[in-house]
Amino acid sequence: MILNNEMIIYQSLDFDLIVYAPYRSVQGFINDMEEFCGSVDDQLQGLTNLHESAKMDVDKIMLTDAPLLFPPGQLALAALRSSNGVHKIIDFERYLTRILSRQNTEHTSSELIESLNAIDSWVRKYKFPSEKDLKHINRKLKSCWGLSSHDDSKKREKKSKHKLKKNSNEQTLPSLNE
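Residues 1 to 178 (full-length UniProt numbering) are what the sequence shown spells out, left to right.
None of these hints come from the bench; they were simulated from the model. Cβ coordinates follow ideal geometry from the N, Cα and C atoms, glycine included. Any given hint could be a false lead.
For lysine-lysine, the following DSS-like pairs were computed, each having C-alpha atoms within a straight-line distance of at most 25 Å [what the hints assert, rightly or not]:
#: 1; residue 1: K88; residue 2: K60
#: 2; residue 1: K60; residue 2: K135
#: 3; residue 1: K135; residue 2: K125
#: 4; residue 1: K88; residue 2: K142
#: 5; residue 1: K132; residue 2: K142
#: 6; residue 1: K125; residue 2: K60
#: 7; residue 1: K132; residue 2: K55
Quick list of the computed label-pair ranges, beta carbon to beta carbon [as the list claims (entries may be wrong)]:
#: 8; residue 1: R139; residue 2: D41; range: 48 to 54 Å
#: 9; residue 1: N104; residue 2: H136; range: 47 to 53 Å
#: 10; residue 1: R102; residue 2: I9; range: 39 to 45 Å
#: 11; residue 1: Q103; residue 2: E131; range: 43 to 49 Å
#: 12; residue 1: S130; residue 2: S109; range: 36 to 42 Å
#: 13; residue 1: F128; residue 2: L100; range: 32 to 38 Å
#: 14; residue 1: T97; residue 2: L134; range: 40 to 46 Å
#: 15; residue 1: R24; residue 2: H136; range: 30 to 36 Å
#: 16; residue 1: T97; residue 2: K142; range: 46 to 52 Å
#: 17; residue 1: A21; residue 2: G85; range: 18 to 24 Å
#: 18; residue 1: I18; residue 2: Y126; range: 19 to 25 Å
#: 19; residue 1: N49; residue 2: S110; range: 27 to 33 Å
Turn these sequences into a full structure, and let the hints guide you.
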């Protein structure tokens, strides 16, 4: 019941959800992997392929609820792990262990792997909406956009009325002093 009305409640509270995309994190991990692997030309080309593949995996992740539940770094690692499963560029378990050993964190590698598995689960469970559902979603979006522009015009009207009152008050004040 609450989940069905969640967005309506957020809207009535003027609450905004902010989602940070993991694309920049993917790039940062790729740069770190270059250092991890050394400067071997074959691996550098492999990392470029891994990066492109990971960006496509991030696109899939962004269609799920995972960006609302996990930080961008974990989303990026899940995408890289999935892509590395195809390309087999690095020993990903060893890389994760290295990352965690550099950080002074209370989290273990098993906790991180559990989070990455949960993200993968979200991606596997995702089903692209049907044509009918897409039309319904588009109608809802258009109505939201319409309300937003309507709210903006109301705000502009209030501002202009406020300016008119302010200007009229300023004009009447000097005449009282004279």
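Output the numbers, in ascending order, of every earlier hint that fails for this structure.
4 and 7
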